[in-house]
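Chains A, Y and X, in that order, give the protein sequences.
Numbering follows the numbering used here, in which position 243 of the first sequence is assigned residue number 243; successive positions increment by one, without gaps.
Numbering follows the numbering used here, in which position 87 of the second sequence is assigned residue number 87; successive positions increment by one, without gaps.
Numbering follows the numbering used here, in which position 43 of the third sequence is assigned residue number 43; successive positions increment by one, without gaps.
Be aware that one or more of the hints could be misleading.
What the simulated footprint calls covered on chain A by chain Y, stretch by stretch (three residues with Cβ under 8 Å from a Cβ of chain Y suffice, anywhere in the stretch; the number is not a length) [stated by the list, open to error]:
#1 44–57
#2 222–236
Among chain X residues calculated to face chain Y with C-beta under 7 Å, some are [claimed, not checked]:
#3 ASN9
#4 LYS12
#5 TRP15
#6 VAL96
#7 PRO99
#8 ILE107
#9 ILE110
#10 ALA176
#11 VAL197
#12 ALA198
#13 MET229
#14 GLY233
#15 GLY236
#16 LEU237
Worth flagging that the hints you see were computed from the coordinates, not collected in a lab.
All C-beta atoms, glycine included, are put in the ideal place defined by N, C-alpha and C.
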Amino acid sequence: MESTVAITATPTVETKLRAEHISMSFTRDGESMPVLEDINLEVGNGEFLCLLGPSGCGKSTLLSIIAGFLSPTSGEVKIDGEIVRGPDPRRIFVFQERGVFPWLTVEGNIGFGLFKLTRAERDRRIAHYIKMVGLEGFGKSYPSELSGGMKQRLEVARALAVNPDMLFLDEPFGALDSITRLIMRGELLRIWEAERKTIIFVTHDIDEAVQLADRVAVMSARPGRIQEIVNIDIPHPRDINSARYLELRTGIFNQIGLAHHL
Amino acid sequence: MPSPWGVVGGLVDLTSHGLLVKYVVASLFRVTWGFTLAAILAIPLGLTIGWYRRAEMAFNPLIQFLRPISPLAWIPIAILWFGVGDLSAIFLIFLSCFFPLLLTAINAVRNIPAVYINAGRNFGLSPGALVYRVLYPAVVPQLIVGLRITLGIAWLVVVAAEMIAVNSGLGFLIVDARNAGNRYDLVVAGMVLIGLIGLLLDIGMRSLEKVKSFRWSYSEE
Amino acid sequence: MTTLAESRNWEKFFWPIAVAAVLLVLWHYSVVWTATKIFPSPLDVERGLIGLFHKNVLWNDIADSLRRVALGFGAAAILGIPIGLVLGWYPAIDQVVNPTMQLLRPISPIAWIPVAIIFFGVGDKAAVFLIFLAAFFPIVVACVDGVSNVPSVFRRAGRNFGLTAAQLLARVVFPAALPQIIIGLRIALGISWLVVVAAEMIAVDSGLGYLVIDSRNSGKHYDLVVAAMLIIGVIGLLLDSGFRRLEKIKSVRWGFRDAS
Ligand SMILES: Nc1ncnc2c1ncn2[C@@H]1O[C@H](COP(=O)(O)OP(=O)(O)OP(=O)(O)O)[C@@H](O)[C@H]1O
Ligand SMILES: [Mg+2]
């Protein structure tokens, strides 16, 4: 392995996802522009991994490749030992831009992926997840009648309702106000601890990464590489004033080269 | 020019001869057929072309070229193929609706945000289900606006077609009233009818836009 | 829509040409196989086109059609834009005028032909009048919509800076509505081009529409009919793309003025 960075998952858990030598370039005006360069990454089963990096470094691109929406210029992604060739309902992507369907009600959106279930079972699941994300009373509302935060929760609920074993979240809380964002982080952790899904979570917010993740993969500016992987060895619930928390946070600040600016 | 009372007299005259209903029905019959056929063919075709980038590349220049040819310029060809009569008029209306609807459908597909398609694929929909559950609801609002505008064009063209290519209907009424004895009261009566029916058609289509499940795009804008 | 890799440049030309070629071949062979004597093959049409280009009549017809469109459309724009702006600005007036407009609008401009003929006789003026009618309503409607869609924040901001009503209209509402107005103008121009052909088939005896109908009536020259249709298509396409270019220039100029 040529990279100096520890990329392997915590050895005690089995590997869920392995990305090997992923490179990606886009052509723009006839010129090839590298966006990702030789990305290697392993994610353990049930792990919560944050991808952290500056805007435009290729986080969304990497996540789209992992989810199978884009195919990389070179390299491959294996999940459970199988090469990813396209999107799959066992792994749901929550989009950075709002992905809820404006033509469906809240119930319709949550039930969108449940078409294989019987009606009664579907209704039960819808009710369960409406409650889980706190949208009771809005089941018959259309997304245009919801606030930004409610739409975001709706999209998370739609993803969870199909009981995927992986969740890919692309800055899901980016557009929320800071209070809602804190609440949503708590909710996500609660859901993750209850259902132990493998989560890859993209963010450019260092605090968010340190509060949520088991490990934080820090990416460099374009062309994106994985610069370092930081283990966050603090048990939940995390005390954001603890010495260890501050130490890790400062370490990542240094890593990104921001420490002296603040 | 006739006075308003003259026009009312003309309308009464038409009704008492049974021509009013007959001509209105004749015009509506042609519009219904031409418009419906065009919608049935143009919408699926346009959705398909819009979905495949290569198809869009291949057909766009041709469509752009055929579109500005006035449907009425096809009259000689319509008469050659279908003779003077209903079929000719239906063919002309079909043509006048076909290209606008085709373009509406193509653009509607191309304007679907990629997130919706990706989300649909992510939940493991089959291609058929993707069309039915994502593509179709995403394009409906734009299609309805396109259908409304196109119905207006169809109504415009039927009148013109009837002036040349058939001998019944409201367009025929207007030329005939003028040619057979300068009955300008009937000419204006015909125009009033054309305006009223056009208005009703437009109102009908607009009420479709208000249907709740179609309305999402209007309410967001 | 499909996640196709960047398509290469040659495809942009290859596919349309392939489609056109296939259609021409189909057209040619369906004429050959049905052994029709009347309907022209592509080769007949080509001969017809060449013949037309050698005659002055064609150039006169083109000039006539374009002149009618320029006059009718121009008059509709000059009258329609201010009227539309005022109606959009004063909803009260709009409510008074709107019912009449809604009734007049769906009357096919073609249905006005007999009326145009009594007022203006057979000739240029009747055709110009029809085009005026056809273009006028879409322009007015586009302006009314454009003005009423201007976000109220803009108006409030303008008023906040102490603009008078006239200044507000000229410096805030008009520029904000301009993109929509330009789209309305382009649609109206397209309709004008459809209507001039129709009008010329009925109400005058020159122009491209007349060329179509005359080629048929005087001896079933269907090669000329189709040739004239092709010319109508090309000119319509040129008008539309010319106008689109105008949209671009305008928006650039607009951007500059904004920055200064
Ligand atoms: N389809 C595309 N075609 C061309 N360039 C693209 C495409 N998608 C992304 N890019 C480019 O790739 C780079 C990375 O984009 P990406 O969206 O992955 O960034 P990001 O890290 O998610 O940024 P942000 O934090 O702002 O969301 C950007 O410079 C972008 O311009
Ligand atoms: Mg991103």
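We went through each hint and held it up to the structure:
1. Taking a C-beta to C-beta cut-off of 8 Å, the region 44–57 of chain A contributes 0 residues in contact with chain Y, too few for the three needed, and the coverage statement is violated.
2. Only when three residues or more bring their CB closer than 8 Å to a CB of chain Y does the claim for the region 222–236 of chain A stand; here the count is 0, and the claim is violated.
3. Of the supplied interface hints, the one on X/ASN9 is violated, with its beta-carbon coming no nearer than about 11 Å to a beta-carbon of chain Y, more than 7 Å.
4. Using the Cβ-Cβ criterion of 7 Å, the hint placing X/LYS12 at the interface with chain Y is satisfied: the shortest such distance is roughly 6 Å.
5. Annotation: interface hint on X/TRP15 holds; nearest CB of chain Y at approximately 4 Å, less than 7 Å.
6. Against a cut-off of 7 Å between C-beta atoms, the interface hint on X/VAL96 is violated, since the closest Cβ of chain Y lies about 17 Å away.
7. For X/PRO99, the interface hint is violated, the least distance from its beta-carbon to any beta-carbon of chain Y being 9 Å, above 7 Å.
8. A hinted interface residue such as X/ILE107 counts as satisfied when its beta carbon comes closer than 7 Å to some beta carbon of chain Y; here the least separation is about 4 Å, so the hint holds.
9. For X/ILE110, the interface hint holds, since its Cβ comes within 7 Å of a Cβ in chain Y; the closest pair sits about 4 Å apart.
10. A cut of 7 Å between beta carbons decides the hint on X/ALA176: the least distance to chain Y is about 16 Å, and the hint is violated.
11. Restraint check, X/VAL197 versus chain Y: the minimum CB separation of about 4 Å is within 7 Å; hint holds.
12. The restraint placing X/ALA198 at the interface with chain Y holds, with a minimum CB-CB distance near 4 Å, inside the 7 Å limit.
13. Because the closest C-beta pair between X/MET229 and chain Y is about 5 Å apart, less than 7 Å, the hint holds.
14. Residue-level restraint check for X/GLY233 holds (minimum Cβ-Cβ distance to chain Y is 4 Å; threshold 7 Å).
15. Checking X/GLY236 against chain Y by beta carbon gives a least distance of about 2 Å; that is within 7 Å, so the hint holds.
16. With 7 Å as the threshold, the beta carbon of X/LEU237 comes within range of chain Y, its nearest partner Cβ sitting at about 6 Å, so the hint holds.
Comparing the model with each earlier hint shows violations of hints 1, 2, 3, 6, 7, 10; every other hint is respected.
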